[in-house]
Structure formats: C-alpha cells, structure tokens
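Number of protein chains: 2
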Amino acid sequence: MAEGDQEGKLLGSADLLNIINGDHENRAKLPVTSSLPMNGGNGTYSYSKNSYYQKQSAGVEREKIIEEIREKLDMKTLSSVSNTIRLADLGCATGQNTFMTIQTIVEAMQRKYKSQISQSRPHDSDDQMPEFQVFFNDLESNDFNTLFTSLPQDRQYLAAGVPGSFHGRLFPESSIHFVHTSFSLHWLSKLPEELQNKASPAWNKGRVHYTSAPNEVIEAYACQFAEDMKRFLNARAKELVPQGMMVMIMTGIPKGMPYSQFPTGMLYDSISSSLMDMAKEGIIEEGEVDSFNLAFYAASPEEMAGIVEKNGCFGIERMELTNPAAWMKGPVDIPSLVTHVRAAMEGMFSRHFGSLVMDELFGRLTHKLQDISDLINSTCHEKVQLFAVLKRK
Amino acid sequence: MAEGDQEGKLLGSADLLNIINGDHENRAKLPVTSSLPMNGGNGTYSYSKNSYYQKQSAGVEREKIIEEIREKLDMKTLSSVSNTIRLADLGCATGQNTFMTIQTIVEAMQRKYKSQISQSRPHDSDDQMPEFQVFFNDLESNDFNTLFTSLPQDRQYLAAGVPGSFHGRLFPESSIHFVHTSFSLHWLSKLPEELQNKASPAWNKGRVHYTSAPNEVIEAYACQFAEDMKRFLNARAKELVPQGMMVMIMTGIPKGMPYSQFPTGMLYDSISSSLMDMAKEGIIEEGEVDSFNLAFYAASPEEMAGIVEKNGCFGIERMELTNPAAWMKGPVDIPSLVTHVRAAMEGMFSRHFGSLVMDELFGRLTHKLQDISDLINSTCHEKVQLFAVLKRK
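Sequence order for the protein chains is P and U. Start counting the first sequence at 1; every next residue gets the next number (the working numbering). Start counting the second sequence at 1; every next residue gets the next number (the working numbering).
Read the hints as simulated data drawn from the structure, not as lab findings. Any given hint might turn out to be false.
No copy is singled out in the list; a pair is fine if it fits within one copy or between any two copies.
To be verified - Capping the alpha-carbon separation at 25 angstroms, the derived lysine-lysine pairs in BS3-like fashion look like this:
1. Lys114 / Lys238
2. Lys76 / Lys238
3. Lys329 / Lys198
Working from the sequences, and respecting the hints, build out all of it.
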C-alpha cells in the first residue's frame with residue numbers, strides 16, 4: 001500500500017525506479033539501445049530535467065555495503081598479499097552515482113583496515129594504508145570522456161577506465177579485491193532469438209516484454225539471463241582474489257510472483273497495449289510491435305542463488321529483496337512518472353517505431369496508467385530490488 | 001645535406017617531424033592548446049588530409065625497442081613476482097600509433113618470455129604466458145572515447161585508460177613493468193612565468209619560443225623542463241617495479257648547438273618574424289606576440305642524463321640521438337610542409353591571435369621558409385630525436 005503520509009510528493013512507484021535507474025546507470029549496456037543515450041539537453045522531456053527518482057533512490061543500499069565490508073571483508077588478509085587494493089564498478093555509466101558509491105566503499109575499506117591493524121598492532125600507528133586503484137567499467141560506447149572529466153579532484157584512489165562487456169574478461173587473474181555492480185545485470189546481453197520466431201511457442205507477439213506472456217517466453221528470457229550470469233560469474237571468478245567481495249544490485253522479484261503484479265510490469269503491459277492500439281488504428285504496423293522486445297529480466301533471490309551455486313566459485317554472504325523507494329511518500333503522480341519514463345526510455349522506442357509517434361505513445365501510456373493508478377499505488381512499495389553479496393571462495 | 005635520391009618526394013625536414021608529431025601525439029598535453037585539437041574534418045587544412053609525415057615517421061624507433069627488450073629485459077624475473085605484466089603508454093592520444101607500438105612491445109615481451117622459459121625449462125612447454133594489461137594514459141581532456149572504440153579487436157592484452165598528468169602519480173606503487181612515452185616529454189607542463197615579465201631578463205619579447213632568444217629565456221625553459229622531468233621521474237620511480245623498463249622518445253638536440261640551426265628552430269624564428277611583421281603593419285598587436293610562447297623544449301642527451309642521474313632511481317641503458325626521417329628523400333616541399341604544420345598547429349595560434357589572421361600568418365610563413373629553403377635542406381637530416389631507455393634500479 002502507498003503510505004498515507006502526504007508531506008512528500010510521490011512521483012513514482014518503487015520498482016519503476018528500477019527500470020528508470022537501470023536505464024540511467026547502464027544505458028550503454030542495452031542491446032536494443034546500445035547507441036541511444038537518454039534524452040539530452042534541457043528540454044521538457046530531457047533526462048537532466050527528469051531524473052529526480054534517480055537522485056533520490058541513489059544510495060538506498062549504501063548502508064548495507066558499509067555493513068558488509070565492516071563485518072565480512074578481511075582487509076588485513078587482502079592487503080597482506082598486495083599493497084594495492086583494486087576495486088571495480090561494472091556498468092559505471094558517466095554520472096556521479098559511481099563516484100559516490102566508490103567513495104563509500106573506499107572509506108569503509110579504509111576504516112576496516114585501520115580497525116584490523118589497530119587490533120593486531122595497537123602500538124603501531126605508522127602502518128601504511130594500502131593504495132586504492134578503481135577501475136570504472138562500461139561498454140566501449142559509454143561516454144568515458146564525461147566520466148573522466150567528472151572524476152572527483154580530491155579522490156583517495158587512482159582511477160582507470162575499462163571499456164568492454166562484463167560478460168567477458170576485463171581484468172587480470174586474481175587482481176581485483178572488490179566488485180560493485182548496480183542496475184546492470186538485469187539487462188540481457190541479447191534478446192532470445194525465438195521471441196521473433198513465428199513458429200516458436202516463445203514468439204512474443206503483441207508484447208514488448210515477457211510480462212503477461214506465455215511461460216515459453218518467460219523461459220526464453222530466463223535462459224538468456226542464466227547464460228549471461230554464467231559468463232559473468234566465470235569471468236569474475238577468474239578476476240577476484242580469494243576472499244574478494246562482490247556486491248550486485250539489480251531489479252528482483254519475489255519467487256513465483258508474476259511480473260504483471262508489479263508496477264514495472266504494469267508499465268510494460270500498458271506500453272504493449274498502447275502500441276497494439278496504435279497498430280489497430282494503423283498508426284504503426286503490428287509487425288513492429290511483434291519485433292520489439294525489451295532485454296530486461298528480473299530474477300528472484302532463489303533463482304540467483306541457484307545460478308551462483310551452480311557456478312561454485314562464490315559463497316553467498318547475503319541475498320535479499322528490498323524496497324528501493326522507502327523514501328517515497330504519497331500517491332504516484334502518473335504524468336510526472338511518464339515524463340521520467342520517457343526521458344529514460346524514449347530513445348529505444350523512437351529508434352524502432354520512429355520519433356513521430358512518441359507523443360502519441362506516451363500520451364496513451366499516461367491515460368492507461370491513470371486508469372490503473374489504484375493498482376499501481378497498491379503495489380508500489382513492493383520489494384523489487386535484489387541485493388546480493390558474494391565472496392570468492 | 002638533403003639526399004640526392006629523387007625517387008621519393010621529400011615533404012618536410014627531419015626535426016620538423018618532431019614538432020608535428022609532438023602535436024599529433026600529445027595535443028592534449030599542450031598547456032597552450034589544452035582544448036585545441038588539430039584541424040578536424042577533411043578540408044584543405046585538415047589534419048586528416050595532412051598527416052603524411054606522421055604516418056611515415058611512426059615506428060622509426062620500434063626496432064630499437066624490440067632490441068632493448070630482447071637484450072635487457074628480464075621477463076622471467078618480472079613474471080616470477082606477478083602473473084600479470086603491466087604496461088603503460090604515457091601520452092597515448094587517440095590514434096593508431098599507440099596500438100601499433102603496444103602490439104610491438106607485447107609481442108617482443110612474449111618472445112623474450114618464451115626464450116627465457118625454454119632455456120631454463122626446455123621440456124616444460126606448458127608454461128603459462130603471463131597476462132598483459134595495458135594502461136593508456138593521457139590528460140583528462142584527451143578523447144578516450146575514440147581511443148576505446150578504436151581498440152584492436154584481436155589484442156593480446158587487457159586494456160584500461162588512465163586519465164591524468166604524467167607529471168604526477170598515475171598507478172599504484174611497484175605495479176608497472178614497462179613504460180613507453182613518445183613525443184610527450186618535450187611539452188612543458190606550463191610556461192615559465194618570467195617569459196612574460198617585462199622586468200625580467202627572461203622576458204621573451206617578439207618571439208614565440210626560446211629559439212634565437214637570450215640565454216635567460218633558454219634557461220627559463222630549461223629550468224621548467226628539469227622541474228617537469230623531476231616530477232615525472234619521481235612518479236615513475238614509485239610505479240615501476242625493480243628492473244622495470246622505461247622507453248622515452250622525444251625531440252632532442254646535440255649538446256651545445258643552438259636551436260636556430262635546426263629546421264624546427266627556423267620554423268619558430270620564421271613564425272616569430274611573420275608575426276612581428278604583421279604587428280608592425282597593424283594586423284595584430286605587438287603585445288600579442290610578446291604574450292605568446294610555445295611550451296616546447298628539446299633536451300640534449302647529456303642534459304637528460306644529468307636529470308636522470310640526479311634522480312638516482314634509474315640506470316641509463318641507452319641514450320642517443322637519431323635521425324627520425326631517414327626515410328625521407330629529396331628536397332623539402334615548403335608549401336606542403338606549411339600545410340602540415342598548419343594542420344597540426346593552427347589551433348594554438350588561432351586561439352591566441354584569432355582565426356581571421358591565420359591565412360595571413362601561414363602565407364607569410366611559407367614565403368619566409370621558401371627564402372631559407374637551402375638552409376632547411378642542408379640541416380633536415382640532423383639527429384634530433386632523443387631515444388632513451390632507463391631501468392628502475
């Protein structure tokens with residue numbers, strides 16, 4: 001249920017944040033939008049004027065990361081092998097979020113190191129803090145120029161950028177001590193081919209996502225996700241040192257619940273039906289809807305745990321769903337929400353359907369979401385953010 | 001003397017290559033041109049249509065690097081401490097040159113590793129080649145996006161970009177095994193302040209460089225160069241592992257010879273006098289000439305050796321001057337040369353003097369250089385490229 005407190009203005013719903021954030025943090029990773037940044041400039045639908053959610057929700061999990069480092073990361077052992085501690089943020093994008101998160105992690109590691117050293121050598125205050133080196137990773141198409149010119153001047157680490165897909169190797173063997181990845185892993189590396197195969201039971205006709213689709217469609221998405229995660233975990237298993245930690249934050253879902261019961265699923269369904277309505281009216285072709293799918297998958301904690309256990313190289317320190325929008329108050333403001341969605345996602349739709357029909361699409365979407373606003377409000381504080389902490393065995 | 005062989009067409013002179021190459025390779029490093037790329041596009045004066053010298057002269061020193069690695073780099077010792085060999089190219093710019101050089105170095109290191117391993121363990125063919133990680137460094141303002149999207153697909157190394165000045169720390173302590181830097185170190189980090197101080201004997205009135213200037217001006221440049229090199233060597237001393245190798249290629253000059261005796265010096269003098277002529281005719285202000293200086297310094301091998309010895313952390317394996325343009329044949333084609341100079345350097349002049357006077361400046365420059373073409377031709381095969389190989393003690 002939406003909270004009754006009206007002091008704050010509720011702009012959106014909890015798990016819609018994930019899709020917006022996902023696009024924000026990892027637009028370069030979107031296979032269907034690989035060269036489509038968010039709306040630029042400062043206009044009505046620009047991302048810069050419509051990223052309030054993203055700012056507000058950034059850092060929801062930061063306290064948990066600090067807690068995990070404090071309680072479970074053995075800085076003394078890590079720094080005994082190397083005098084450099086190496087961190088990686090996978091899917092860093094260009095923004096300030098990665099710098100804030102990295103700063104949080106580095107400071108937590110420094111505190112842990114100091115506390116461990118003072119326990120073992122209480123009279124040795126001269127012990128030298130290890131140096132930190134941070135690798136900011138995203139696809140080659142990411143705007144690293146903006147990332148590099150935005151680096152904090154007073155950072156306590158040496159910085160490097162690493163271009164490439166995190167589904168493959170990025171770093172030397174046993175060289176990384178801490179991996180962070182936020183709102184990236186729910187983007188599939190590619191769309192399952194059968195989604196567009198008319199002869200397949202997984203043909204995803206008339207929909208843009210697996211929400212409300214037959215099991216075969218959901219299964220095709222799940223298989224691709226499992227394959228992507230397998231490659232991701234294999235690469236990280238090589239790169240992380242023993243006892244190295246990996247924090248993964250992404251969209252999740254409680255086990256067994258259909259995605260259509262969540263606001264993001266409602267959004268996808270409403271986009272699908274808006275597009276199908278437009279097809280019926282001849283504004284677009286029905287085949288265009290059939291051939292468009294969003295490469296986005298939300299896993300349950302149990303599903304993710306199964307994939308990690310199958311890989312076998314990592315211990316699971318923490319795996320849980322949280323409400324990413326506990327800070328939000330009041331009912332959803334649908335027009336504002338759609339403006340946010342448009343700022344983040346218009347590019348991928350306009351490339352496929354053409355920019356001329358975007359006003360039409362987002363106008364219809366607003367009406368459809370307004371029609372189901374009670375349903376959205378009743379589900380907008382679900383726990384749909386997966387927070388996982390793994391440790392290299 | 002210019003060689004008589006007329007089979008090849010000589011477009012320019014040997015050490016002019018250095019200034020053109022210098023700008024090409026390290027434009028981001030130019031303090032006076034930090035945001036001034038070479039002329040873009042495909043027009044008459046574009047860099048892309050006027051970079052023949054650069055292509056031809058790239059790789060002049062590559063054979064020497066291979067020789068140094070083969071004869072002096074102990075890959076067995078380096079790889080016994082770490083299973084990752086880390087390389088850095090400082091001042092990499094965006095182009096293909098850095099990839100070609102790095103490829104050459106990695107392959108030479110792999111050959112050396114194999115030969116050392118086969119000598120010590122002739123029957124152990126399964127010995128695992130170390131992984132290579134390459135750090136491409138340039139200033140934050142460098143176009144890393146172009147660099148990253150141009151990375152060779154079939155590279156045998158993991159790649160990272162490192163933004164920042166090489167006059168400070170870039171990498172963790174004792175983490176780098178090989179440093180390469182080409183056509184970067186002759187650019188000063190800043191211009192000596194006294195060059196613009198009317199009360200100073202180092203006031204560089206009416207000139208754009210220390211060529212043909214009083215000793216005080218030369219001394220001011222030399223002091224800044226020594227200070228820059230001190231910071232550079234201090235940082236590299238921290239970062240290189242013991243026995244790690246550093247190859248430095250830059251413009252040089254034989255000890256005791258005035259810069260005005262070299263084609264690049266003649267170019268600078270001709271630019272100075274062209275500008276002063278324009279000032280006298282009221283086309284520009286004389287004060288504009290006084291306040292413009294090129295932050296470019298050519299050191300002699302003896303001078304560089306002195307700086308390295310004062311630092312004390314490196315052994316000198318090789319320090320020599322070479323002719324960077326042994327491939328060039330025939331007399332200098334002055335108009336073509338000026339077009340090349342313009343493509344590489346127009347930005348820094350137009351920012352200071354305005355784009356409206358560029359045709360005038362480069363037209364006058366062409367005439368002045370044509371007047372002294374015999375002199376240019378008689379000196380254009382001087383050894384003005386400094387090749388230095390250091391090893392961390």
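Checked hints:
1. Taking identical chains as interchangeable, the C-alpha atoms of Lys114 and Lys238 lie at most 25 angstroms apart only when they sit on different chains, with a minimum of 24 angstroms there against 28 angstroms within one chain.
2. For the identical chains of this complex, Lys76 and Lys238 are neighbours both inside a copy (21 angstroms) and across copies (23 angstroms), given an alpha-carbon limit of 25 angstroms.
3. Taking identical chains as interchangeable, the C-alpha atoms of Lys329 and Lys198 are never at most 25 angstroms apart, the minima being 44 angstroms within one chain and 66 angstroms between chains.
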